[in-house]
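If you want the building blocks of each chain, they are given just below.
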Amino acid sequence: MTVFRIELVPVSASPLPFWAHLPRELPIRHVQAYTLTKALSPAQQRTIAERLCPALSHRSFIRYPQTSPDSDYLAAVGRFSWVLEIGFLPGVTDNTGQTARQMIEDHLATDFEGTQGVYTSDLFFLDAELSDSQAHAYLARCFNPLIQRGRAYRAEHYCAKSALAVPQVKLTHRIRIHRIDLPADDEGLLALSSQGIPDETGIPQGGLGLDLPAMKAIRAFFTERGLPPTDAELETLAQTWSEHCKHLIFSAHLDEIENGIYHRYIKRATQEIRAALGDDDFCVSVFHDNAGGIVFDRDWLICDKVETHNSPSALDPFGGAITGIVGVNRDCIGFGLGAKPVLNRYGFCLADPNDSSELYRQPGQKSPLPSAREIAQGVIAGVEAGGNQSGIPTNQGFIYVDPAYRGKPLVFAGTIGLLPRNIAGKPAHEKKARPGDLIVMVGGKVGKDGIHGATFSSQQLDHTSPAGAVQIGDPITQKKMSDALIKELRDQNLYTSITDNGAGGLSSSIGEMAREAGGALVHLDKVPLKYPGLQPWEIWISESQERMTLAVPPENKDALFKGLERHGVSGWVIGMFTDDGHLRARYQKQIVIDLPMDFLHDGVPQKKLTTAPLSIQTQPTPPLDQRDMREDWLAMMSRLNLRGREFIATRLDHEVQAGSVLKPLQGVGRVASHATITRPLLDNPRAIITSQGLFPRYSDLDAYGMAGSAIDAAIRHAIAAGGSLTSMALLDNFCWCSSEDPHRLAQLKQAARACYDYATAYQTPFISGKDSMFNDFSGFDKHSKPIKVSIPPTLLISCVAVLSDYRRAISLDAKIPGDYVYLLGETFDELGGSEYLALCEASGSQAPCPDPIALAGHYRAFTRASEAGLIASALGLDLGGLAACLARTAIAGQCGLCIDLNDFSALSDPVLFFSESAGRILCTVAPDDAPDFEAHLADTPIQRIGTVTQDPQLKIRTATQTLHLPLGELTTAYKTPTPHL
Amino acid sequence: MSFLPSCTPEVCILTGYGLNCEQETQLAFTRAGARAHLHPINDVIATPTLLSDAQIFVIPGGFSYGDHTGAGNALACRLFDHLQEALRRFLTQDKLVLGICNGCQILIRLGLMTNGPSIKQNIAITTNTHGRYECRWVSLKTTSKSPWLAGQSLFYLPVAHGEGRFVVPDQTLAELHTRHQIALRYVAEDGTHAQGVFPANPNGSVDDIAGLTDQTGRVLALMPHPERAIYTHQRDDWPLRKALARRASKQLPQEADGMHLFKAAITYFS
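These protein sequence lines map, in sequence, to chains H and U.
Everything in the first sequence is counted per my numbering, starting at 472 for the first residue and increasing by one.
Everything in the second sequence is counted per my numbering, starting at 13 for the first residue and increasing by one.
These are computed hints drawn from the structure, not numbers from a lab.
Check the hints yourself; a few may be wrong.
Claimed, not checked - BS3-like cross-link-like pairs, simulated, lysine-lysine; straight-line CA separation at most 30 Å:
1. U:K107 with H:K958
2. U:K254 with H:K1446
3. H:K1426 with U:K254
With the rest of the complex left out, here is chain H (with noise of 0.2 Å):
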């Protein structure tokens, strides 16, 4: 094989990436490898390295195995006694290395076949005298080894020998399609199930993931038929009967509840909302697509879905959340007919970044997780990466931190895309695929990517296999097949049905499609892929990314193709859609899928689950009274959930597609905003507002109140930005923990109630939801001691509002001295779970629980108030309560606040300040608007407390003290850096 390779080194020292954990005092060189396995003449191997070479700043080498580099290679990267290598693992999608293979394809006009290909990989030369096991240690810091090899030279060895490492993937087995007897024991049937099934040497290839019941229905089925299941047909099964599928628990018999929390407590919601709300309802497409759809105005809708990506982000942090941001844009992608991605928005619940604890998933400090640093900055960069390459903006998220992620990150990522209301006179948001359609794979090609995605283990990884569970997206190829289907072949009306490929990759998005059409026959052996050697089970249930699954009436087909060609899109006709009731699947002659769609899709028997009473855990709140409120206001500000957001916020591409209204960054002080508008179409006057609810620390207090302050906070979050309940929708993402025990599912349980409860109260329905049960991490910490670290039960909220004209948004800053400052709502002492008390190293007892009765009549006075233009600038309360907001309100407008809460004397200043009570919005109003603003809210418990001033402090008189706060010190205290981030 002819291999070589082109070297850029920095003609003067740069600047280290991000993920290179390296001591930035050592004199280090960063030189950029390309690795190429194709012949070319040394006349086209320079023509490549200078077009790959950024000009002024680096210098291109091409260099060749076994062969010394010359003098002025050396004299090039300087002085060096270690070099580390870090490159991808063969298989993982390498996207600098796609694109430089494209550039010569494209220059050269030739293609690259069989085992040619460019591999890229980062050289650090390092000039310092190092013991190899300080070389290891270092080169350990710099890479992850699920997804990247490192390799540390000493210079002698470096210079001498320079084997050039290729990580080809090589797949060794023959293809075979095997037929699993399977045991007649329960035994049997469960080790089958959590092992999974071997391969031809015996090896078990990932687990089932299906519990006894699951198992036994299987078994019955293929008793019957007398035929036992083949290894594709049990994957299948898996996947489309696996709780990320199909939900079991929500699903489940859990107590009195037969037809499971879901239908009880989330569908019945926005059934009787719906109802209720007759000809007003905007719902249009909920729980059934993958997206929920809302209407936008006469002509277009909205859809909206938030994802969880948590288990591979924990494993490789950059491609988890990558992952998830495109793929949820494929869920906007595919959803009706196709709708484009207008709006991105993420959440990431994690430790402190600084947290400095180890933890490892086998004893003896093997198979180590990603510290807390890199996984904060790895999700970061990944929502980065996505979104901006992508072109969609991402303008709304949060960043939650607690000690109880550090096992278990949980990653959120959502999109919004609009649809127009019909496409070619039909609804765009059905879509049916019919009998004799086509069934056409476009996007990507397949690999051994996300096979197994949850239970994969490191062993499975080495050079010889491709790092198989975990994928990193490829933005710019899913952009280009999102234009072409999105901006142009949706309008020409070429398919009948659309779905993109997740989870479970093909045997998901055509396993549904075929209920839409009543079968299908699949040819695995026409799917393209990556590099040869696929089992059949394995093309169909992998999970590369960038694909959507099409229904093609026969003679749209050509149009279709040439359409793609035109945006350099791939796609490839893999089968027809029939109506046999059978999902079947062949690979060349061979049947390797034969399942009835009923039993594939309904045999699943339901889980029957009971709950056990909760012992709350209340502690005692420790005694207040004696401490320095001004220093606890200045600590609070600059807490890392309390602090701002303008390292990520600027990181993040708010302003393509130009709609953003109201940003991320509010005010002159550029403080972080609750909720933010969004204007998808720049010749209509309707936006869309966003904002998010999440109160994990109240869980073990009370799981309703949580739930409900959730709601509540997401509700009002869009209130205060200038929205209306009569245009609201929530989506709802349960991550759970230890889902299993009987504690934690009273704990589901209630909290499912409240969504029902405080859903129908607002007339907010649910449309979208998506659930993560088990997120628990068991492993050890540095001595080898068995550690468990579970999240706090986490309900995100996330809600998406239609607003009627942009020209109403509220931005939360202060705005003119002399404005009055009015307090809406009540505070009670409910400081339980608050971010004040963990502050303290407390929890307390009370955590809030709203009223969504009444608060649901002061957001509508509130609504008639800013639709009337009498609201200068509001800020829902959230974390930190009155305090908090308070400070917001002032750093952004960069004003002072002359308040007095004398009148609230019932409470201690603790409570006053810091108590989390919902329902709470804090705004400013000019003086002349005052009487028209206090008699649209005469019904509700407004205030007014104080005015907004020149006098650059915030002066706050209670009935016991008067503190003076310089607008400078809190606006340091908000600013305080985040190292590493």
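Using the hints provided, position chain U relative to the given structure of chain H.
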């Protein structure tokens, strides 16, 4: 489109391969009074008259090829290989060229400010000094005679890029100054030069350069996004300005600074 005057210029806006600001760029030109067309790169390569029939050629912002191998690099190479002659002819005519953000990186990579189209460069745009992507609004000043910038000296526009720092060798920089090719510079809010200081200069660009023209002024490459600043409400200070206008019983102007650029281009052909 018969209601448009005959002098209405035709605009060819390139799309595809990760470019992503084409729709808002088209809207800006359309509002300014042009006929703006979106053309996939592959269509223009197959049918170069799509380019030569236009009076204005635009490469909009985006992330062509994901910025891999350097922002703008891969697409610049593709254009160099397939559209070199068409571009050369376009540049010799009395026509206008605009590159915004990724489009700017591509025009610079193609050497259009000095000797292009060429694959050899003497100006580079590279990673921001602080090493991060940066999305924020900035103040800009021009003294250029470029038709794109006629009639306006100060602009308030957003930037959004990870690689926006102009790197120019001293001699080339002196030539750019002499030939009045420095089109836009980052300034502080009071209009004084940013002098490389963040955040007024968001990327550490030499001499606070935000945009360059070729020697004729007809080719403009700029990192900020004028197409994201065509309406006042898009500005980050809009909520405050809205409140102030309401108190003074005044109307806010509907248009923002970016619109001047598109209108100036149309004026050039009228």
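**Item:** Straight-line alpha-carbon gap U:K254 to H:K1446, limit 30 Å
**Value:** holds (27 Å)
**Pairwise hint evaluation, H:K958 against U:K107, where the allowed Cα distance is 30 Å at most** = holds (29 Å)
**Asked** Is the Cα-Cα distance between H:K1426 and U:K254 30 Å or less?
**Response** holds (27 Å)
In this structure, none of the earlier numbered hints is contradicted; all agree with it.
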